[in-house]
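Enquirer: So the protein sequences, as listed, match chains E and F.
Residue numbers for the first sequence, in the working numbering: 1 to 212.
Residue numbers for the second sequence, in the working numbering: 1 to 537.
Rather than coming from a laboratory, the hints here were simulated on the basis of the structure.
Worth double-checking, as some hints may not be accurate.
[Stated by the list, open to error] Distance condition first, Cα-Cα at most 35 Å in a straight line; then the derived DSBU-like pairs of lysine-lysine: (1) F:K202 with F:K150; (2) F:K372 with E:K21; (3) E:K145 with F:K202; (4) F:K372 with E:K166; (5) F:K312 with F:K55; (6) F:K372 with F:K398; (7) F:K418 with E:K145; (8) F:K398 with F:K150; (9) F:K312 with F:K48; (10) E:K153 with F:K427; (11) F:K418 with E:K166.
Since this is a predicted model, take the numbers as computed values, not measurements.
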Amino acid sequence: MALNLTGAEKYNPNKMEELQKHVAAQVANGSYDRDANLALLRLYNFEPEMVDGQTLANVLLLALMRLPEVDFSLLLHLIPNSSQDLPLINAVISLDRKLESFQFMQFWQEADQLREILNPIVGFYDAVRRYILHSLLNTFQQLPKTQLSQSLKADGATLDDLISQKIASDGWMITADNVIRFPKKKKQVSQQQTASTRSQFDKLVPVLKLAA
Amino acid sequence: MSFGPPQGGGGMDMVPDMVKQFVVYFYRHIRERNMREIQTMYDVSFVKLSERFFKQTPWPPVEAISHLVEDDHVFCMLYKEMYYRHLYAIQQPSLEARCESWANYTALFGVIIHGNVNMQLPNGWLWDMIDEFVYQFQNFAQYRGKLSMKSEAEIQALREVSLSEENAVWPVVGVLNYLQALVDKSHIADDLRAPGGAAQLKATNGFNQSQSNVLRMLGYFSLVGLQRVHALVGDYNGAMKAIAPLNLFETKTLLTQNIVGAHISLYYYGGFCYLMERRYLDAARVFNHILSFIDRVKGFHQRSAQYEQILKKNEQMFALLAITAALCPASLADLNETVLNLLQDKYGEKRQRMVLGDTGVYDELFSYACPKFITASPPNFDAPGVNTSQEAYRLQLKMFLALLHLQKDLPTLKQFLKLYTSISLPKLAGLMSMDISTLRAQLMLLKSTSMVKTWNGKGDATEGEFLPAADVVFTIDIDSNTGEEMVTVSESKPARRQDDFLAQHIVKFNQIMRDLAAPPPEQPPAAVPSTRGVPAY
Numbered sequence: 001m002a003l004n005l006t007g008a009e010k011y012n013p014n015k016m017e018e019l020q021k022h023v024a025a026q027v028a029n030g031s032y033d034r035d036a037n038l039a040l041l042r043l044y045n046f047e048p049e050m051v052d053g054q055t056l057a058n059v060l061l062l063a064l065m066r067l068p069e070v071d072f073s074l075l076l077h078l079i080p081n082s083s084q085d086l087p088l089i090n091a092v093i094s095l096d097r098k099l100e101s102f103q104f105m106q107f108w109q110e111a112d113q114l115r116e117i118l119n120p121i122v123g124f125y126d127a128v129r130r131y132i133l134h135s136l137l138n139t140f141q142q143l144p145k146t147q148l149s150q151s152l153k154a155d156g157a158t159l160d161d162l163i164s165q166k167i168a169s170d171g172w173m174i175t176a177d178n179v180i181r182f183p184k185k186k187k188q189v190s191q192q193q194t195a196s197t198r199s200q201f202d203k204l205v206p207v208l209k210l211a212a
Numbered sequence: 001m002s003f004g005p006p007q008g009g010g011g012m013d014m015v016p017d018m019v020k021q022f023v024v025y026f027y028r029h030i031r032e033r034n035m036r037e038i039q040t041m042y043d044v045s046f047v048k049l050s051e052r053f054f055k056q057t058p059w060p061p062v063e064a065i066s067h068l069v070e071d072d073h074v075f076c077m078l079y080k081e082m083y084y085r086h087l088y089a090i091q092q093p094s095l096e097a098r099c100e101s102w103a104n105y106t107a108l109f110g111v112i113i114h115g116n117v118n119m120q121l122p123n124g125w126l127w128d129m130i131d132e133f134v135y136q137f138q139n140f141a142q143y144r145g146k147l148s149m150k151s152e153a154e155i156q157a158l159r160e161v162s163l164s165e166e167n168a169v170w171p172v173v174g175v176l177n178y179l180q181a182l183v184d185k186s187h188i189a190d191d192l193r194a195p196g197g198a199a200q201l202k203a204t205n206g207f208n209q210s211q212s213n214v215l216r217m218l219g220y221f222s223l224v225g226l227q228r229v230h231a232l233v234g235d236y237n238g239a240m241k242a243i244a245p246l247n248l249f250e251t252k253t254l255l256t257q258n259i260v261g262a263h264i265s266l267y268y269y270g271g272f273c274y275l276m277e278r279r280y281l282d283a284a285r286v287f288n289h290i291l292s293f294i295d296r297v298k299g300f301h302q303r304s305a306q307y308e309q310i311l312k313k314n315e316q317m318f319a320l321l322a323i324t325a326a327l328c329p330a331s332l333a334d335l336n337e338t339v340l341n342l343l344q345d346k347y348g349e350k351r352q353r354m355v356l357g358d359t360g361v362y363d364e365l366f367s368y369a370c371p372k373f374i375t376a377s378p379p380n381f382d383a384p385g386v387n388t389s390q391e392a393y394r395l396q397l398k399m400f401l402a403l404l405h406l407q408k409d410l411p412t413l414k415q416f417l418k419l420y421t422s423i424s425l426p427k428l429a430g431l432m433s434m435d436i437s438t439l440r441a442q443l444m445l446l447k448s449t450s451m452v453k454t455w456n457g458k459g460d461a462t463e464g465e466f467l468p469a470a471d472v473v474f475t476i477d478i479d480s481n482t483g484e485e486m487v488t489v490s491e492s493k494p495a496r497r498q499d500d501f502l503a504q505h506i507v508k509f510n511q512i513m514r515d516l517a518a519p520p521p522e523q524p525p526a527a528v529p530s531t532r533g534v535p536a537y
């Protein structure tokens, strides 16, 4: 990715076409360039009449693949109402909302409607499934196979392959009545709670001085 | 380019003697690089003269005084910079004035970027230049969006200066490019990245006897300027990328600490960007630093012209901190005692309501404390009945409220979870009046909000890793006895920083004891100050 985004090139409005081609390249080869896409959306923000709906949708979808990173939200803040109201963009936003609120069934339904846009994006479905799996594992200790299938929109051989792979690599287990158990996670204690038990020495210096 | 016919204070004879003297001496001191005098004349004399002679009228136009300074090209530009800054402060500038000020800034920056100046100017002035440059840009964007109150002729004039390719006035790309050029040509990013570079810059205050400090410091302050411009158009990641050479978490090496306006801008926009990026722990740390800073130094600035601005930003940042703490209660542990107490005083009740999910309060505080967003593109001049100046703000507010809407059931869910050590999913679903699959989705949502991207010491301000920051920690599993799916909530005591509090009060009490033991003066001894209880937050 030999895109120059420094110095005078950073805000160069003539770069729009180059950046648009760069988006198409990311779609085709499964790469991701946040800074370049952000630069493009900035230019779109400065000249809304130049927005290319397809490219804009693709940029958003590329960002959606990055969940739980908030790239999608950051890009959306740059998109003026006039562009957000385009039917295609509206549909993409709705897709994101379903995913960010973990409504998987509805997500897959809407994704099906948009399959013509989604299918060409290399790695899209893999990225989404990775995020869904990550969220499920984070929250639940076990899940019936049917639910896993519904959430991931995967069944038959694909699903069985995934499960056996995870049994081998990640310690999953499957019971007789087709319930999958995930390995126990470490307790998630936030930094604040552990830090509170350690005092900061500088805070105690004035007190120690008194004792001296 | 003309200033128009001379008005009050315009002609040569109308310039008061004191003002003539000011101009002559100011010019001389700048030529002789007499820093102390320049500083005094800029900070004190200019302000006093403005108060006395130019409370409601602009300073004399540059043509009226240029003969006093040998028509020095650079000095005239500096004079005009101050002239327009003063003008903007006392009245609504006309379109001509706005255009002329833009032309002046571009000319001045052009000369500086090409390395043709060898003067030394006070850092305060250099910051004011950048700050004012961005402010006038912001002001122009707002002005341009308010079409409905303008006449046909005004709209035509505005159309010409906005849409012209060659002669656009205050174009967003132009503003960004000038700031970026100052950053690049000053090589300030390299200076800061060199080991010990930032500390060195601070220690010398940017001065170097042999060179002019102007380009260097304008480059430094342009970093802060770029951050602001990005934030104003809604590009939060870009804003934090712009200040990549600066480290908000290592305050000791920040030169901005010496220029209170710059320091506040850096941290206000820094904190706001982090808040919008959902990096709540970072936002809280940033606000904690600046609010403690303001609390310590505000006494020194009471007489300064900036005092009101400082107080206003202070209040706004407390509001933003309240929002941050409501969205992520774990962030409260990062606040020191002073800030925590002040937060409780000012926004204790409102924070409680936000925690319970009151969107009205979120809306109110967000609208009060957010930056004055702008629409970077020109409005539709063919639809003059519509005012678009509020559009940008409305968009950002809409995005913020959309996030809240997504999480609208979480406050109730958290409340229920706090009441139980374990509860079955069906029972919880009943309490929440939702079906089980919706409940599962909500539990996943709750889990996802408990991981917050946080700076971990590596990389620039946009880097970080996801760290846990939950105030309710839970797991979901099948209970081996009942075979039911249960949510188990673990005890998560919010951290309380006792050490800070105790250390401060031990020292304070000691001081009191010493005062009481000392021989009494003529007057009655001072009353023992009452101690503050530990805040309940």
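Enquirer: Within a Cα-Cα threshold of 35 Å, do K145 of chain E and K202 of chain F meet the stated pairing?
Expert: violated (61 Å)
Enquirer: If you draw a straight line from the CA of K312 of chain F to the CA of K55 of chain F, is it 35 Å or shorter?
Expert: holds (23 Å)
Enquirer: Quick one, are K202 of chain F and K150 of chain F close enough, alpha carbons at most 35 Å?
Expert: violated (47 Å)
Enquirer: Compare the distance between the alpha carbons of K398 of chain F and K150 of chain F with 35 Å, and conclude whether the hinted pair is satisfied.
Expert: This hinted pair holds, its Cα atoms lying about 28 Å apart.
Enquirer: Taken at face value, is the distance from the CA of K145 of chain E to the CA of K418 of chain F at most 35 Å?
Expert: Holds, at about 30 Å.
Enquirer: Given the hint that K312 of chain F pairs with K48 of chain F, test it: the Cα-Cα distance must not exceed 35 Å.
Expert: Within the cut-off at roughly 24 Å; holds.
Enquirer: Please work out if K372 of chain F and K21 of chain E have their alpha carbons no farther apart than 35 Å.
Expert: holds (34 Å)
Enquirer: Is it true that the CA of K153 of chain E sits at most 35 Å from the CA of K427 of chain F?
Expert: Between K153 of chain E and K427 of chain F the Cα gap is close to 28 Å, so the pair holds against 35 Å.
Enquirer: With the threshold set at 35 Å, check whether the alpha-carbon distance from K372 of chain F to K166 of chain E stays at or below it.
Expert: violated (50 Å)
Enquirer: Within a Cα-Cα threshold of 35 Å, do K418 of chain F and K166 of chain E meet the stated pairing?
Expert: holds (34 Å)
Enquirer: Within 35 Å, alpha carbon to alpha carbon, are K372 of chain F and K398 of chain F?
Expert: Since the Cα atoms of K372 of chain F and K398 of chain F sit roughly 15 Å apart, the hinted pair holds (cutoff 35 Å).
Hint compliance for this structure: hints 1, 3, 4 are broken, all remaining hints hold.
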